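K.L.:
All chains should be modelled from the sequences, with the hints used to inform the complete structure.
There are 2 protein chains.
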Amino acid sequence: MKIGEIGEFGLIERITKMIDGNPDRVLRGAGDDAAVVRSGTGKLLLFTCDAQIDGVHFLSDRTSPVQIGRRAAAVNLSDIAAMGGEARYALVSIAMPDNIDVTFVEGIYEGMLFEMNLAGATIIGGNTARLPERLLIDVFLVGEVSENELLTRDGAVSGDLLCVTGKLGASAAGLELISNEQLNLGLNVDNVVMSRYLTPTPRLDASRVLARSGVVSACIDVSDGLLQDAGHLAKSSEVSITIEAGDVPIDSETVEVARTFKKDVETWALTGGEDFELLFTVAPDGKEKLFRDLFDETGLQATVIGFVSDGENGVRLLKEGHEVVGNIVGFDHFQN
Amino acid sequence: MKIGEIGEFGLIERITKMIDGNPDRVLRGAGDDAAVVRSGTGKLLLFTCDAQIDGVHFLSDRTSPVQIGRRAAAVNLSDIAAMGGEARYALVSIAMPDNIDVTFVEGIYEGMLFEMNLAGATIIGGNTARLPERLLIDVFLVGEVSENELLTRDGAVSGDLLCVTGKLGASAAGLELISNEQLNLGLNVDNVVMSRYLTPTPRLDASRVLARSGVVSACIDVSDGLLQDAGHLAKSSEVSITIEAGDVPIDSETVEVARTFKKDVETWALTGGEDFELLFTVAPDGKEKLFRDLFDETGLQATVIGFVSDGENGVRLLKEGHEVVGNIVGFDHFQN
Chain A
1 MKIGEIGEFG
11 LIERITKMID
21 GNPDRVLRGA
31 GDDAAVVRSG
41 TGKLLLFTCD
51 AQIDGVHFLS
61 DRTSPVQIGR
71 RAAAVNLSDI
81 AAMGGEARYA
91 LVSIAMPDNI
101 DVTFVEGIYE
111 GMLFEMNLAG
121 ATIIGGNTAR
131 LPERLLIDVF
141 LVGEVSENEL
151 LTRDGAVSGD
161 LLCVTGKLGA
171 SAAGLELISN
181 EQLNLGLNVD
191 NVVMSRYLTP
201 TPRLDASRVL
211 ARSGVVSACI
221 DVSDGLLQDA
231 GHLAKSSEVS
241 ITIEAGDVPI
251 DSETVEVART
261 FKKDVETWAL
271 TGGEDFELLF
281 TVAPDGKEKL
291 FRDLFDETGL
301 QATVIGFVSD
311 GENGVRLLKE
321 GHEVVGNIVG
331 FDHFQN
Chain B
337 MKIGEIGEFG
347 LIERITKMID
357 GNPDRVLRGA
367 GDDAAVVRSG
377 TGKLLLFTCD
387 AQIDGVHFLS
397 DRTSPVQIGR
407 RAAAVNLSDI
417 AAMGGEARYA
427 LVSIAMPDNI
437 DVTFVEGIYE
447 GMLFEMNLAG
457 ATIIGGNTAR
467 LPERLLIDVF
477 LVGEVSENEL
487 LTRDGAVSGD
497 LLCVTGKLGA
507 SAAGLELISN
517 EQLNLGLNVD
527 NVVMSRYLTP
537 TPRLDASRVL
547 ARSGVVSACI
557 DVSDGLLQDA
567 GHLAKSSEVS
577 ITIEAGDVPI
587 DSETVEVART
597 FKKDVETWAL
607 TGGEDFELLF
617 TVAPDGKEKL
627 FRDLFDETGL
637 QATVIGFVSD
647 GENGVRLLKE
657 GHEVVGNIVG
667 FDHFQN
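Those sequence lines, one after another, are chains A and B.
Position 192 of the first sequence, counted from 1, bears residue number 192 in this note's numbering, the numbering being contiguous throughout.
Add 336 to the 1-based position in the second sequence for this note's numbering, that's all there is to it.
No lab work stands behind these hints: they were computed from the structure.
Do not take every clue at face value.
Stated by the list, open to error - Which stretches of chain A does chain B cover? Using the computed rule of at least three CB atoms under 8 Å from a CB of chain B, they are:
| no. | region |
| --- | --- |
| 1 | 93-102 |
| 2 | 108-114 |
| 3 | 125-137 |
| 4 | 227-240 |
Bear in mind the structure is a predicted one, so any value in this text is a computation, not a measurement.
Positions of the beta carbon are idealized from the N, C-alpha and C atoms, including for glycine.
P.N.:
Spelled out as structure tokens, the structure:
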């Protein structure tokens with residue numbers, strides 16, 4: 001049996017079973033956006049890592065090194081945001097062919113330092129290695145969060161509302177633009193969707209508002225795709241999650257790119273992934289104050305896009321109130 | 337300017353300058369075997385990462401998956417040993433083509449779990465990604481050490497003795513055997529050198545003896561090669577280190593492999609690297625008790641191979657008392 005047959009999530013499930021053996025201080029191992037460990041100071045330590053690979057996660061011939069670095073940092077910072085944490089320390093493992101320009105590599109570090117600085121985190125070490133075919137950047141990030149502010153995937157309960165910060169689908173639109181090398185829809189449209197793909201903003205500030213609120217029951221970042229990530233929430237929380245497709249917020253710029261390339265904008269919003277918004281659940285009576293605080297403190301709007309109920313652990317998708325039947329999935333690194 | 341022109345250490349130097357900005361809690365950033373951070377509990381946290389790449393660091397067609405996993409874990413555990421620490425938590429980032437067998441990947445995790453278990457460490461998370469051409473395993477390891485037991489590269493002072501645990505050159509001999517697919521020198525010879533290359537033993541137990549002794553002034557693991565690693569010690573400690581080649585301990589099995597393949601065994605011992613022994617400095621009057629404790633507690637012998645003096649920061653190599661003049665270097669991932 002090949003990796004391609006069981007896919008990314010099949011592989012992760014098998015590996016998780018193998019390594020499952022949490023000692024006392026490990027609060028959570030594999031299975032959330034970051035691992036959680038008691039530090040002995042009352043604070044929890046969060047550990048995450050994510051690799052960005054040329055030709056798989058980014059295109060080095062159509063992206064500046066600073067953008068590559070920013071993205072490599074941002075996707076990891078987003079994992080810390082998904083847990084309600086603050087980013088602290090990063091190690092960077094970079095592997096590359098030996099004919100890469102030194103200034104290109106330095107540009108990548110500039111980009112990483114830019115994002116880490118914004119987040120209050122420091123790069124404290126790492127490793128370099130030779131990889132003949134392509135560039136790979138693997139970031140290990142350490143975060144911190146108070147025990148009572150930890151956000152996880154597994155706290156959603158029946159009756160909660162499903163909400164998302166910001167807008168979805170723009171990252172997929174940006175990827176479409178960059179893949180077609182067709183960047184002439186007008187500067188504003190190009191800028192909005194391109195920057196959402198190339199240099200996504202990890203929602204660390206929003207995450208802190210959610211974490212402190214005390215009313216958010218579960219949280220995950222939208223990296224694999226809304227349906228896929230909602231599925232992770234549903235599975236971890238052992239609940240059913242229903243999403244109304246028409247309620248999923250989409251930028252007008254994203255709509256315009258989709259129209260131009262004759263793509264279905266809803267598919268981008270539902271399965272495109274890599275928007276790095278926060279998907280979270282909240283009890284109905286906590287919603288209003290939370291949304292107001294979120295907007296007041298971060299300028300970011302949140303939207304209710306569905307609800308949590310008992311029933312089969314998974315995701316139901318509604319379009320104008322009618323359930324969409326059939327396979328609804330997101331992105332799988334090995335099966336796409 | 338290409339990476340290949342400035343080499344691994346040239347690149348690391350440039351990156352280190354860029355990221356140099358230690359906040360209060362970071363005791364040491366890049367420049368030692370692991371980064372060191374105050375945890376707030378009196379203990380220090382150690383962070384390290386190291387990638388193993390098929391065709392660069394190991395050969396997947398001549399190595400079992402369990403061996404690959406053991407090696408990927410061991411090289412990282414060795415970095416924690418170099419700091420006097422105990423290993424705690426690991427994250428594993430694995431990137432691979434999608435036609436790899438699932439059982440092969442599971443074998444790698446088995447190997448990692450074996451070594452982590454021996455070391456008392458736990459794999460608590462990680463990441464999987466698609467890398468079309470080859471397998472890459474990046475391990476991120478968290479360790480812990482008391483502040484007064486931390487071993488670093490920069491404490492060597494004039495008058496100290498330079499010492500090494502175990503024997504050197506066996507890993508290079510194992511690589512020679514495996515590269516030639518000629519494994520018929522006799523089972524014992526093959527086993528000794530092959531296992532030193534394929535499944536090196538991180539010297540965590542020995543490291544704890546050195547750390548508790550209070551007399552070890554500096555320490556590093558022999559990963560790049562004895563001369564290269566002694567050079568790191570000399571540079572960090574701002575001292576001159578003199579090594580007497582004839583005193584470097586070499587296994588009889590390693591000598592036999594070198595003779596068979598008409599290779600210079602001394603070159604293997606001096607520059608082969610990846611033996612993952614501990615290279616350390618100690619004041620002369622602390623040496624005897626330290627060596628005795630080391631042997632009593634771990635069965636491992638240490639050997640004096642040189643001394644520390646003031647003078648030009650770097651390594652001098654003597655053969656039978658006469659200085660070897662010219663370029664004496666170890667392995668560079670980008671320049672070999």
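K.L.:
Give a verdict on every hint.
P.N.:
Now for the hints, and whether the structure bears them out:
no., hint, result
1, 93-102, "holds (count 9)"
2, 108-114, "holds (count 3)"
3, 125-137, "holds (count 11)"
4, 227-240, "violated (count 0)"
Hint check: a violation occurs at hint 4 only; the rest are consistent with the structure.
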